[in-house]
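Number of protein chains: 2
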Amino acid sequence: MTDEMRKRSTLREVAELAGVSMGTASKALNDRQHVRASTRVKVREAAAALSFTPNEAARSLIGGQTGTVGLITGDLEGRFSLPILMGAEDAFGAGRVSVLLCDARGDTIREKYHLDALLRRNVDGIIVVGSRTNPRPRLSGSLPVPVVYAYAPSESESDVSVVPDDTGAGALAAEHLLATGRRRIAHISGDPDYTAAHERADGIVAVLEQQGLSLVQGRPLFGAWSEHWGRTAVTRLLEAGDEFDGLVCGSDQIARGALDALRAGGRNVPRDVGVIGVDNWEPMTIGAFPMLTSVDLNLERLGREAAKLLFTSMAGPATAGIHRVHGRVVTREST
Amino acid sequence: MTDEMRKRSTLREVAELAGVSMGTASKALNDRQHVRASTRVKVREAAAALSFTPNEAARSLIGGQTGTVGLITGDLEGRFSLPILMGAEDAFGAGRVSVLLCDARGDTIREKYHLDALLRRNVDGIIVVGSRTNPRPRLSGSLPVPVVYAYAPSESESDVSVVPDDTGAGALAAEHLLATGRRRIAHISGDPDYTAAHERADGIVAVLEQQGLSLVQGRPLFGAWSEHWGRTAVTRLLEAGDEFDGLVCGSDQIARGALDALRAGGRNVPRDVGVIGVDNWEPMTIGAFPMLTSVDLNLERLGREAAKLLFTSMAGPATAGIHRVHGRVVTREST
DNA sequence: CTGTTAGCGCGTTCAC
DNA sequence: GTGAACGCGCTAACAG
Chain H
19 MTDEMRKRST LREVAELAGV SMGTASKALN DRQHVRASTR VKVREAAAAL
69 SFTPNEAARS LIGGQTGTVG LITGDLEGRF SLPILMGAED AFGAGRVSVL
119 LCDARGDTIR EKYHLDALLR RNVDGIIVVG SRTNPRPRLS GSLPVPVVYA
169 YAPSESESDV SVVPDDTGAG ALAAEHLLAT GRRRIAHISG DPDYTAAHER
219 ADGIVAVLEQ QGLSLVQGRP LFGAWSEHWG RTAVTRLLEA GDEFDGLVCG
269 SDQIARGALD ALRAGGRNVP RDVGVIGVDN WEPMTIGAFP MLTSVDLNLE
319 RLGREAAKLL FTSMAGPATA GIHRVHGRVV TREST
Chain G
19 MTDEMRKRST LREVAELAGV SMGTASKALN DRQHVRASTR VKVREAAAAL
69 SFTPNEAARS LIGGQTGTVG LITGDLEGRF SLPILMGAED AFGAGRVSVL
119 LCDARGDTIR EKYHLDALLR RNVDGIIVVG SRTNPRPRLS GSLPVPVVYA
169 YAPSESESDV SVVPDDTGAG ALAAEHLLAT GRRRIAHISG DPDYTAAHER
219 ADGIVAVLEQ QGLSLVQGRP LFGAWSEHWG RTAVTRLLEA GDEFDGLVCG
269 SDQIARGALD ALRAGGRNVP RDVGVIGVDN WEPMTIGAFP MLTSVDLNLE
319 RLGREAAKLL FTSMAGPATA GIHRVHGRVV TREST
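One line per chain: the protein sequences are H and G, in this order. Each residue of the first sequence is one higher than the one before, counting from 19 in the numbering used here. Each residue of the second sequence is one higher than the one before, counting from 19 in the numbering used here.
What the hints contain is simulated information worked out from the structure, not anything from laboratory work. Worth double-checking, as some hints may not be accurate.
Pairs count within a copy or across copies, as identical chains cannot be separated in the list.
Straight-line distance between alpha carbons at most 30 Å, and here's what the computed DSS-like set of lysine-lysine pairs gives [to be verified]: (1) K60 <-> K130; (2) K326 <-> K130; (3) K130 <-> K25; (4) K45 <-> K60; (5) K25 <-> K60; (6) K326 <-> K25; (7) K130 <-> K45; (8) K326 <-> K60.
None of these values were measured; they are calculated from a predicted model.
Please put together the full structure from these sequences, using the hints given.
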């Protein structure tokens, strides 16, 4: 661009400017012993004058570690990857570790491609983020670095995986509705191809059964993770005439549609029906009218957990298997 | 973890296994000349057997380039950063360049911190993504690598910036409403601290004036980028009794709130009022009822543009100043 | 065509 | 307390 294309300065230049040898300069800058205080100051000043930044490539060539981890995601929107990224930065301590983010777009070929790029760059570890919680095939080949699977667990039990506790999330939602006095509870969820849809439903049903209750219509209504489906499903429920006073929606988007249809059907939320969603996706929950109660899956925590597990895996073996991160209910106006 | 902790193999090992020297092995693997075909095959096989991946750190130590760019974002949600990330991957060719993503969370201290980390890692270039289109201070210091500012332009004209064409977006929205026969057009927008709010309004007003028209109520209603504000503002408009048949909303979220309030006020969309938003954020637009027409700011294109500009900056000076990326109207049911 | 050598920038021995 | 020498893994230039 302009004047800013200052060439990067090297340790040798710093040493020359300070009038010492490279070895001394190195020690001075890295806070090592056997350097006189006055020399240290001289070197530091020289480094500052040249705005010297050590070359990580050279450094990692020696140490074998790069201070870099790879994050391969299949999650286009970043709804899951970004909290995980932020969690990773938190867990590692910002600056100490940098994150290489690759978007595989759910494509195995691209995934392999990015994996190669990450290995060439000698990442110290890899986090693989899925776009749904269905188990996924492990990364192919035997890798020279630890891998942690986040959101979508690996099919292999010997891998380390961190997933949201979807069964628990369903249970939390059901318990919350029961606690607010609802007894006739319906459940609308998304695409039945998603493991999460079934697990959340299982969690709900288990809680209801403990109270001798069952779902309105006897089963969940599966469809799609969309507002449209939320409207359609509620309309059907209303037409069927099965009265209900509590509604668990498989996602906040479904819940938004449900709120619309309930209002259109003359039902007041929360007076006539309590509604709870899952995800606690704020643009959806805060924007809703009334504001939507939702189960937060604690994805940032999931991200931090994944980062911590990767961190321990980098030192030695970490506990293999599936780690579950619990959610929490965020209460708003709809219940 | 388990057996997979295979040590990384080096070129020397490949060379030994293939029974050649390192130099030859290097040439063979890098498709360089002066290697017999049979030798090349032998080396390749050895490399495959050891699942050898070249060490980029060593390679970049020689070439001075790391094949890595930094992306510093202040955009928490990733609404802008991720399209830009994907655009960058597209533009560079996936795998050739990897992206280090840092989240500065709008904090100057963190930004400086991450900048340092990126420089230590010898990135070939940096893209800075803002969370709003207001001009922002340039990265401090004279940097040894090119920088491109995306979404939020640099305050300095001598930097390279890429921003959405907000004035144009407003104009597109107004033109679209006029084209569908609306004449009495109101405009609800977000936080007036955002440059984007004013520019979009300017674009709308300019188009209306060309037709001898002006905004209902004579000026835009500024507030917040929320559904709540959309509802409030429309309610006020309806109460004021100023009739309108077209409504430009500064964001899709505002538009969602507006749709709700219009329905509550007995107005049919699109029959009585045509509504158009900005962002084309699909969870919002597709989920709306009726589905929302919106101006797409073409952020992926903005991302690709930023990546291309960075790419050219890496070779030589690129055109300084602010580059604007035009939006487009995505027509749905609300107009 | 293939092998040998030097050196990228840095940290870490060792001698001094 | 300081400096010189070696090597991390790789490529480039030259020698054979």
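Going through the hints against the structure:
Taking the shortest alpha-carbon separations for K60 and K130, only the inter-copy value of 24 Å comes in at or below 30 Å, while the best intra-copy value is 49 Å. Taking the shortest Cα distances, K326 and K130 sit within 30 Å of each other both inside one copy (24 Å) and across copies (25 Å). For the identical chains of this complex, K130 and K25 are inter-copy neighbours only, at 19 Å across copies versus 35 Å inside a copy, given an alpha-carbon limit of 30 Å. Taking CA atoms no more than 30 Å apart as the test, K45 paired with K60 passes inside one copy only; the shortest distance there is 12 Å, against 44 Å between copies.
For the identical chains of this complex, K25 and K60 are intra-copy neighbours only, at 22 Å inside a copy versus 41 Å across copies, given an alpha-carbon limit of 30 Å. In the homo-oligomer, the alpha carbons of K326 and K25 lie at most 30 Å apart only across protomers (22 Å), although the nearest pairing inside one protomer, at 37 Å, exceeds that limit. Taking the shortest Cα distances, K130 and K45 sit within 30 Å of each other only across copies (24 Å), while inside one copy they are farther apart (41 Å). Taking the shortest alpha-carbon separations for K326 and K60, neither the intra-copy value of 39 Å nor the inter-copy value of 42 Å comes in at or below 30 Å.
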